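Trainee: With these hints in hand, go ahead and build the complete structure from the sequences.
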Amino acid sequence: MPEAIEVDHLVKKYGDLAAVGGIDFRVRAGTVFSFLGPNGAGKTTTTEILEGLRRRTEGDVSVLGLDPWKDAYALHLRVGVIPQDFRFFEKITPKEAVQYYSSLFHTHPDPDELLARVQLADKANARFDTLSGGQKQKLGLALALTNDPEICFLDEPTTGLDPTARRAIWEVIRALKAEGRTVFLTTHYLEEAELLADQVAIIHHGRIIASGTPNEIITAHGRPERLRFQASPALADYLRPKLDLPVIAADGRVDVELHDQSDVLRVLTAVEASGLPWQNFSTAQDTLEDVFVRLVGQMDDGALKSEVPA
Amino acid sequence: MRPRHIAADFKIVFRSYQRNPVALFFSLIFPIILIALFGLIFSAVGSATVTVQVLNLDHNSPASQEFLDALNNTTFVKVQVVNWNASNFAAQLGQNDDPVGLVIPAGFDANYSAHQPVNVVVYTDPEDASSGGALLSAVQGVSNAFNLHASNGTAIVGITQQNVGSQVYTYIDYLIPGLIGFSILTSPMFSMVDVAAGYRKDGIFRQLSLTPLTRAEWLTSHILWYTVLTFVTAGIMIGAGIELFGAHVNVNLGLVPFLIVGPLLFVSLGMLAGSVAKTPESAALIGNIITFPMMFLSGTFFQVSMFPPALQTFAHVLPLYYVIDGMNQVMLFSNATRAFTDFVIVLISALIVFALAVQFFKWRDE
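As they're listed, the protein sequences go chains A and B. In terms of our numbering, the first sequence opens at residue 1 and continues consecutively. In terms of our numbering, the second sequence opens at residue 1 and continues consecutively.
For the record, the hints were derived by calculation from the structure and aren't laboratory data. Warning: the hint list may mix true and false statements.
[To be verified] BS3-like, lysine-lysine: derived pairs with alpha carbons at most 27 Å apart:
id : chain 1 : residue 1 : chain 2 : residue 2
1  : A       : Lys-91    : B       : Lys-11
2  : A       : Lys-13    : B       : Lys-201
3  : A       : Lys-70    : B       : Lys-362
4  : B       : Lys-11    : A       : Lys-95
5  : B       : Lys-201   : A       : Lys-70
6  : A       : Lys-123   : B       : Lys-11
7  : A       : Lys-95    : B       : Lys-201
8  : B       : Lys-278   : A       : Lys-13
9  : B       : Lys-201   : A       : Lys-123
10 : B       : Lys-201   : B       : Lys-278
11 : B       : Lys-201   : A       : Lys-91
12 : B       : Lys-362   : A       : Lys-13
13 : B       : Lys-362   : B       : Lys-278
14 : A       : Lys-91    : B       : Lys-278
15 : B       : Lys-362   : B       : Lys-11
16 : A       : Lys-123   : A       : Lys-177
17 : B       : Lys-201   : B       : Lys-362
18 : B       : Lys-362   : A       : Lys-91
19 : B       : Lys-11    : B       : Lys-201
20 : A       : Lys-95    : A       : Lys-123
21 : A       : Lys-123   : A       : Lys-91
22 : A       : Lys-70    : A       : Lys-13
23 : A       : Lys-70    : B       : Lys-278
24 : A       : Lys-95    : A       : Lys-177
[What the hints assert, rightly or not] To spell it out: a stretch of chain A is covered by chain B in this simulated footprint if at least three of its residues, at any positions, have a beta carbon under 8 Å from a beta carbon of chain B; those stretches are:
id : segment
25 : 50-63
26 : 81-94
27 : 102-116
[What the hints assert, rightly or not] Listed next, with one range per pair, are the computed distances between beta-carbon atoms:
id : chain 1 : residue 1 : chain 2 : residue 2 : range
28 : A       : Glu-58    : B       : Ile-289   : 35 to 43 Å
29 : A       : Glu-90    : B       : Thr-279   : 18 to 26 Å
30 : B       : Thr-279   : A       : Thr-159   : 20 to 28 Å
31 : B       : Ala-216   : A       : Leu-17    : 32 to 40 Å
32 : A       : Glu-90    : B       : Leu-28    : 14 to 22 Å
33 : B       : Met-1     : A       : Glu-58    : 33 to 41 Å
34 : A       : Ala-220   : B       : Ala-7     : 53 to 61 Å
This one's a predicted model, so the numbers in the text were calculated from it and none came from an experiment. Beta carbons are placed, not taken as given, at the ideal position from N, Cα and C, and that holds for glycine.
Mentor: Here it is in structure tokens:
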């Protein structure tokens with residue numbers, strides 16, 4: 001599959017401060033790529049450079065084979081963008097906004113159909129300044145689709161939305177992928193990235209600290225799968241000398257890390273042999289969010305600094 | 001420049017405006033208020049007679065009565081005889097807010113008949129120079145006639161009064177081109193400065209930079225909109241001036257070029273001012289620094305020829321001066337040559353400012 005976005009050693013400096021410190025990544029066409037990072041990590045700066053809204057200091061960036069800054073005009077005919085905190089003319093309605101964009105792009109989408117697609121049909125004739133935050137984001141999404149884009153850049157499209165509205169946007173994103181479009185998604189919600197993204201990159205302090213599929217990242221940076229019992233620390237004390245596996249007691253729970261699937265039977269046997277009371281055993285696995293919080297936390301403590309860039 | 005893009009953006013600007021009651025008030029109702037207000041204030045000064053409080057200490061003697069009748073006949077002043085105490089006449093005038101007063105001394109008739117010098121006393125308020133001036137000239141005129149009569153002389157030099165230009169003008173006639181100029185300046189300047197800084201802050205320019213609309217097309221649609229608005233405003237002002245104050249101005253095609261280059265100049269200038277500023281606050285400040293001197297010193301409310309020479313020189317570097325002067329030439333003096341010169345000056349300034357505005361105003365950050 002061809003690459004929709006190629007980034008090589010991208011650097012963006014504001015004066016002496018490097019907001020982005022030399023990052024590399026690829027986004028394959030037709031996939032959903034999620035760009036994650038805490039506030040101030042360089043996420044929006046990178047996204048805006050890819051969108052042609054900001055000039056880079058160093059490095060090579062190619063979006064659909066174009067230089068986003070120099071070829072911005074040509075690029076914008078082929079991509080759709082919802083910037084963070086989308087704003088529009090206050091007295092204009094969503095329907096008029098779609099008609100306006102269609103005139104500018106020389107495209108002919110049916111405004112009602114497009115607004116229905118982002119679940120904004122009921123507000124088609126309401127003025128922008130009367131829309132809620134979520135409805136404004138939906139209009140941003142509709143406008144980003146008026147030119148039938150090959151890549152959609154969605155910068156935190158679900159921030160501040162209620163759960164129903166978020167799920168509606170997720171459906172739109174899934175549909176975009178199904179139509180063969182590339183989606184570049186930045187988000188604060190790790191669960192969203194895990195659900196939607198084919199590839200994920202985590203940026204922190206201007207550097208990429210992890211990248212791959214959500215599973216690859218969890219496998220590479222997450223803790224091993226664990227067997228979990230509700231039990232007193234006495235069980236942990238009993239198990240430690242019996243097993244060659246890490247045993248952690250906390251919050252009324254005892255976690256035993258598994259190295260291998262065959263460990264499950266050994267652990268259960270040992271627990272049964274202890275004669276100590278326990279309830280509710282389950283397996284636990286790190287989510288992308290657990291990994292994200294650990295990686296970012298460790299990097300801030302200095303532990304991971306030698307590892308970057310990943 | 002693609003007309004389709006300009007038309008699409010024009011529609012957005014028009015709708016935004018149409019749905020904004022404050023903007024509608026300022027473009028449609030405010031011109032009428034301006035004309036009415038300034039028309040009332042200044043036409044009162046020009047046309048109404050000045051009422052003069054008169055203390056006649058010669059107690060209705062024939063000569064004093066004749067003197068007062070002659071004053072009344074000048075039509076510049078209206079005599080109102082009072083019976084105040086002579087010792088605090090000036091104080092009484094001040095308390096009653098009367099700007100002018102006149103005292104005929106006792107023995108006026110006797111002295112006049114005996115050909116002995118006698119002085120009438122004129123009181124004026126320095127704050128109301130025009131009423132004082134009107135009374136002084138009226139009293140001087142009547143005194144001269146009395147002196148001439150007393151010495152059995154005949155008037156040799158007479159005066160025939162005519163107004164400047166080809167017909168009779170009142171203040172309101174000068175006010176109409178001045179106030180149209182005022183609207184051409186203020187309406188786009190204030191709103192474009194605001195738009196330039198606000199749209200940048202809200203990211204609306206960034207949003208537009210993601211579309212095929214260009215900055216020149218965007219600016220052009222705004223210039224077109226303000227041109228339309230200028231035609232409407234000018235129509236309202238001319239209509240109100242004629243209806244309310246009986247103004248007589250020439251309305252012809254010569255006005256059209258000024259109603260087009262004016263908005264071109266000031267939409268671009270507002271955009272330029274808003275673009276060079278870093279924040280909306282500094283944009284408003286820069287806008288005011290440019291707008292206020294022009295608002296008062298370009299012949300909007302007062303004729304530039306009334307200014308002291310230094311201010312007149314300053315007025316001649318203000319582009320609005322040429323817009324208003326040009327409209328004066330068209331609407332009052334029918335001086336096509338000077339109107340054309342004014343037009344060329346405004347056009348050249350407008351093109352330069354437009355080019356600078358397109359240059360300085362950026363959709364995107366570096």
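Trainee: Hint by hint, where does the structure go against what was stated? Just the numbers, ascending.
Mentor: none
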